[in-house]
Each structure stands twice: as structure tokens, then as C-alpha cells.
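Just so we're aligned, residue 1 is where the sequence shown starts under UniProt numbering, counting upward by one.
A portion of the hints provided could be inaccurate.
[Claimed, not checked] Subject to a maximum C-alpha distance of 27 angstroms in a straight line, what follows is the list of computed BS3-like cross-link-like pairs (lysine-lysine): (1) 29 x 47; (2) 57 x 47; (3) 20 x 47; (4) 57 x 29; (5) 57 x 20.
Hint data in this document are derived by calculation from the structure and do not stem from the laboratory.
Here the structure is a predicted model, which means the values were calculated and not measured.
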Amino acid sequence: MARQARTEAERENRMRAIRKAALDIFSAKGFSAARLDDVAAAAGVAKGTIYLYFASKEDLLEAIVTTTIGATLAEVEQAVVASPAPAGQLLRLVVQAIAAGIQDPERRRVLHLVLSEGARFPAIGDFYHREIIAHGLRLVRAIAAKGHASGEFVSDEIERFPQLVFAPALLAIIWSVIFERIEPLDAHALLEAHLDLLTRALTRRPA
Numbered sequence: 001m002a003r004q005a006r007t008e009a010e011r012e013n014r015m016r017a018i019r020k021a022a023l024d025i026f027s028a029k030g031f032s033a034a035r036l037d038d039v040a041a042a043a044g045v046a047k048g049t050i051y052l053y054f055a056s057k058e059d060l061l062e063a064i065v066t067t068t069i070g071a072t073l074a075e076v077e078q079a080v081v082a083s084p085a086p087a088g089q090l091l092r093l094v095v096q097a098i099a100a101g102i103q104d105p106e107r108r109r110v111l112h113l114v115l116s117e118g119a120r121f122p123a124i125g126d127f128y129h130r131e132i133i134a135h136g137l138r139l140v141r142a143i144a145a146k147g148h149a150s151g152e153f154v155s156d157e158i159e160r161f162p163q164l165v166f167a168p169a170l171l172a173i174i175w176s177v178i179f180e181r182i183e184p185l186d187a188h189a190l191l192e193a194h195l196d197l198l199t200r201a202l203t204r205r206p207a
């Protein structure tokens, strides 16, 4: 029988255990084939306990996204808003956060899961775009607008197409799934090189 947690600490620990078990099961079996019975067994709780904290399997996946990638994005947004640094430095902060996310095993598994299941389950893609992608695009546009307004950036390309900043991250994620065993890719170095190219293009004055 499911038992409600007695303290906030117990509640947080139980939710963390369920999310970890769910990510393991979703990654191993795929979201469609994964069953909450398996998640409960892996987390060491009754199946009914899961429903005390998560309304459905979809809600559980959304919680995983929010607590891993969403929490990191919120920290980056706060840091950018609070910083008086030039736009170029703020853009580097964003890119470094993306690189760290790709290199973090847990967040990388979440990214793989969203990419692999998003096409089959549109609700997953919709949620990820609303809660992660849209925030990231808005953040890059704000940085680009600041750089353009101050004269630091002479081009408005990334304000119009903020996806340019995230493109190599998407490549690195796909590469890690398909080609990593054949030819390993240093995602951090790739993003740094891409940022250097972008920065030169954004700040280059016409001859």
C-alpha cells in the first residue's frame, strides 16, 4: 500500500529515487515500452506511491526534464540577467552551460530520450520546446539584442536565428548516439570552436 512521505526531506528523496529509476527504465526500454511497474520496482516503492507524486508516465518524464535540464537553464538565465558583462561573455556562458549539459551523463540521457521519443510522442516535443527550447531561444535573442544595441555585435544574425548557437549541440548529441563508438567527438571543444567562429562573424567590421 502506498504511504505518503512524513517529512519534506523524505518526500524529496522519494521523488528523486522515482525520477532516477524512471530515467533508467525509459532509457533502457524506451518511453513507449516502459511500465510504471518497472519504475516502481527499480525505485523500491509500490506502484501506487508513484501516483502520490506524479499523475502519469508523461508527467514523470516532464518532471525529469524540469529537474535536470530545466533547473540548469533557470540558473543560467538568472546569471545572465544579473550580469553586467558584455554580450560576448554572456554568450560564452550560455555555450559553456550547453557543453556541460552534453557532457553530464544524466542530462545527456534526458536529451537522448527527448530526441528519440519526441517524434513518436508529440506531447513530449511540445513540452520540451515550451519549457526548454523557447526559454533558450529567448535568452540568446536577449543577449544578441544587448550586443547589437551596444555596438559590440555588428550583425543581428543570432537575434534573427538564435538556433545558430544551439546547432552544434544538436549535432553533438546525435553524434554521440550514432557515431561515438566509431569516432569520438569532443563536444566541449566543438562548441568552443563554433562560438569563436560566431563571435568573429558578429564583431567583424566591414572592410
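Pair hint residue 29 and residue 47, alpha-carbon separation not exceeding 27 angstroms: 18 angstroms, holds
Holds or violated: residue 57 to residue 20, with C-alpha atoms at most 27 angstroms apart: 13 angstroms, holds
Restraint status (C-alpha distance of residue 57 to residue 47 at most 27 angstroms): Distance ~12 angstroms between residue 57 and residue 47 Cα, so the pair holds.
Straight-line Cα separation of residue 20 and residue 47 no greater than 27 angstroms? Distance ~15 angstroms between residue 20 and residue 47 Cα, so the pair holds.
Quick one, are residue 57 and residue 29 close enough, alpha carbons at most 27 angstroms? Satisfied, since the Cα-Cα distance of roughly 14 angstroms is no more than 27 angstroms.
Of the numbered hints stated above, none is contradicted by the structure.
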